[in-house]
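**Student:** For the protein sequence lines, the chains are A and B, in the order given. Quick note on numbering: our numbering labels position 140 of the first sequence as 200, and the sequence is numbered without any gaps. Quick note on numbering: our numbering labels position 17 of the second sequence as 969, and the sequence is numbered without any gaps.
Worth flagging that the hints you see were computed from the coordinates, not collected in a lab. The beta carbon of each residue, even a glycine, is placed where N, CA and C say it ideally should be. Do not take every clue at face value.
[Unchecked claim] Here are the simulated SDA-like pairs of lysine to any residue, each with C-alpha atoms no more than 20 Å apart in a straight line:
(1) A:K222 x B:K1082
(2) B:K1047 x B:Q1072
(3) A:K346 x B:E956
(4) B:K1082 x A:L337
(5) A:K222 x B:I1056
(6) B:K1047 x A:L129
(7) B:K1047 x B:I1018
(8) A:K193 x A:K180
(9) B:K1004 x B:K1060
(10) A:K346 x B:K1078
(11) B:K1021 x B:I1076
(12) A:K180 x A:L129
(13) A:K222 x B:K1107
(14) B:K1060 x A:A221
(15) B:K1107 x B:D1059
(16) B:K1078 x B:K1107
(17) B:K1047 x A:I225
(18) A:K193 x A:W71
[Claimed, not checked] So, partial list: chain A residues that the calculated Cβ filter (under 8 Å) puts toward chain B:
(19) E178
(20) T179
(21) R230
Here are the chains, one letter per residue:
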Amino acid sequence: MDVGTFIQSLWGGVLEAGLIAMVAVGLYLVLGVARVLNFAHGHILVLGGFCTWGFRETYNLNFWLAALLGLLIVGMGGIVMERFPFRRFYGNFVPIICVGVALIYLFEGGVVQFFGPETKTVGTVISGTSGIKGWFIMRNWDWLVIGAGLGCLVGSGLFLAKTRIGRAMRATAVDPDTANLQGIGALGMARYAMFIGCALAAVGGGLMAPKYGASIGVGLAWMIKGMLAIIIGGLGSFYGCLCACLLLGMAVSFSITYINAQAGYIAMFVLLVVVILVRPWGLFGKKITVGMPGE
Amino acid sequence: MLLEVKDLRIHYGGAEAVQGASFEVAEGEIVALIGANGAGKTSILRTISGLKRLTSGEIRFMGERIDRKPTAHIVRVGIGHCPEGRHVFMMMSVKENLQVGAHIRKDKAEIARDMEAIYQSFPILKTRAKQDANTLSGGEQQMLAIARALMSRPKLLLLDEPSLGLSPIVVQEVARIISDIHRSGVSVLLVEQNSVMALNLADRGYVLETGRVTLEGAGKELLHNEAVRRAFLGG
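Here chain A stands alone, though its shape is the one from the complex (with noise of 0.2 Å):
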């Protein structure tokens, strides 16, 4: 096993989770604030993509100029999502699973219905490749998507530890009753979170398209990848969904160099499994009693 490949592995993970983590936390906070499992998570993730390729295509713009109108168009998407479809159903899980189906066809539909359904190609932003020779090289353009992507996470992490709002969303997070009454607006918190994730999701869609395209088709798998990383990392840890999300890049990552290109998401899968079968309260979760009970 040579050194080089092993490097070459361990930034293509961190590069994995960066994009995973754009999803989770987005995922992570609206869960948490806002109670809101949202299965379209993932396709909002894709709709960033769209928006900066529609951007690029019909206006010609400058590919950052298009990224932030994505991120601002889709967070303000994020923004009416919660104060329609979601906000009539707080507090009942059901529904709020079936509206984030439903979601998921409506964007769908409406992409394909508008766009077509052929995968949208961006073009390449930066060209090039950096590293050390003989360890290893990545393209320029991933060692931005790394940078941007810890960027917007250590953004969104002293967003939660620092300020007024993010200290309420926490408070909301753990114990909604009693932070109604330090005066936080449940309402308002969830309208912050659906904002901050979504505009969090969009960033990685644009960032992603370069590379891979925009395609809503892989919507929901990015959804479930956002999912293991808040199951593995435990539910209501933001480091431990940071963490989780590293580990998982890191599983694709490494099976796909040294199995094959199919082998990543089973990795992802065999880590929930082991991690859930030793935790099943996750990496950083807290502990809770599981198994049907008087058993």
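Fit chain B to the known structure of chain A by using the hints.
**Tutor:** Then chain B, alone, in the frame of chain A:
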């Protein structure tokens, strides 16, 4: 009148937990609401704060009807609520708990000053400022919960069973804190099972039995009332 509650009825599921309770709190008063477990005390406080909706009746705060208003609004008009069982935010530090308590305020300098004042009157919270709330003892958590409620600068403080699960010495400490708060100009509605402590502190008291107010009077008067002694004070 600061707080007026008229003919309050509250249902839980099908059962009527509060069956037409009326009481009031004047500015500058400590009013105690005493009664056995299940008498509806906590339901009343939760309804005043808007966490629970009433079936009928009305609640006025400084003349304004607040019984259909969202909780966040009720906090903003000046009602602080320290819930039963303390409910501090466990995974947050003591300081963060206090900051969350000041959520409705944006005057940073004043918030910092209030926090300093809180640290003065609760030195233990200053020592533990950076620790997570779940590392605090029960008594310390109770102090934190009260301090957190004060950070919104309420005109009226609702205290739900602040003595619950605390040792007699700590209960005395809590009583001292409540009278300090009162002296600083905050009116207090105190719900307690520990009737001796509550009635000693209170200007006036109401006795609640199965969702009804059965007795009212000055705190000291109730403390010596024969029926109250028999029901709550063990003779």
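**Student:** Does each hint hold? Answer for all of them.
**Tutor:** These are the hints, each one checked on the structure:
1. A:K222 x B:K1082: At roughly 14 Å apart (the allowed maximum being 20 Å), K1082 of chain B and K222 of chain A satisfy the hint.
2. B:K1047 x B:Q1072: holds (14 Å)
3. A:K346 x B:E956: Violated - the C-alpha atoms of E956 of chain B and K346 of chain A are around 42 Å apart, more than 20 Å.
4. B:K1082 x A:L337: Cα-Cα ~35 Å, so violated.
5. A:K222 x B:I1056: holds (16 Å)
6. B:K1047 x A:L129: violated (38 Å)
7. B:K1047 x B:I1018: Cα-Cα ~30 Å, so violated.
8. A:K193 x A:K180: violated (33 Å)
9. B:K1004 x B:K1060: Status violated; Cα separation ~32 Å.
10. A:K346 x B:K1078: violated (28 Å)
11. B:K1021 x B:I1076: Measuring from Cα to Cα gives roughly 36 Å; hence the hint is violated.
12. A:K180 x A:L129: Holds: K180 of chain A and L129 of chain A sit about 18 Å apart, inside 20 Å.
13. A:K222 x B:K1107: The hint is violated at about 28 Å.
14. B:K1060 x A:A221: holds (17 Å)
15. B:K1107 x B:D1059: With Cα atoms ~18 Å apart, K1107 of chain B and D1059 of chain B stay inside 20 Å; holds.
16. B:K1078 x B:K1107: Since the Cα atoms of K1078 of chain B and K1107 of chain B sit roughly 24 Å apart, the hinted pair is violated (cutoff 20 Å).
17. B:K1047 x A:I225: holds (15 Å)
18. A:K193 x A:W71: Holds: K193 of chain A and W71 of chain A sit about 14 Å apart, inside 20 Å.
19. E178: Violated - the Cβ of E178 of chain A stays beyond 8 Å from chain B, reaching only about 47 Å at its closest.
20. T179: For T179 of chain A, the interface hint is violated, since the closest Cβ of chain B sits about 43 Å away, which is over 8 Å.
21. R230: This interface hint holds because 7 Å falls under the 8 Å limit.
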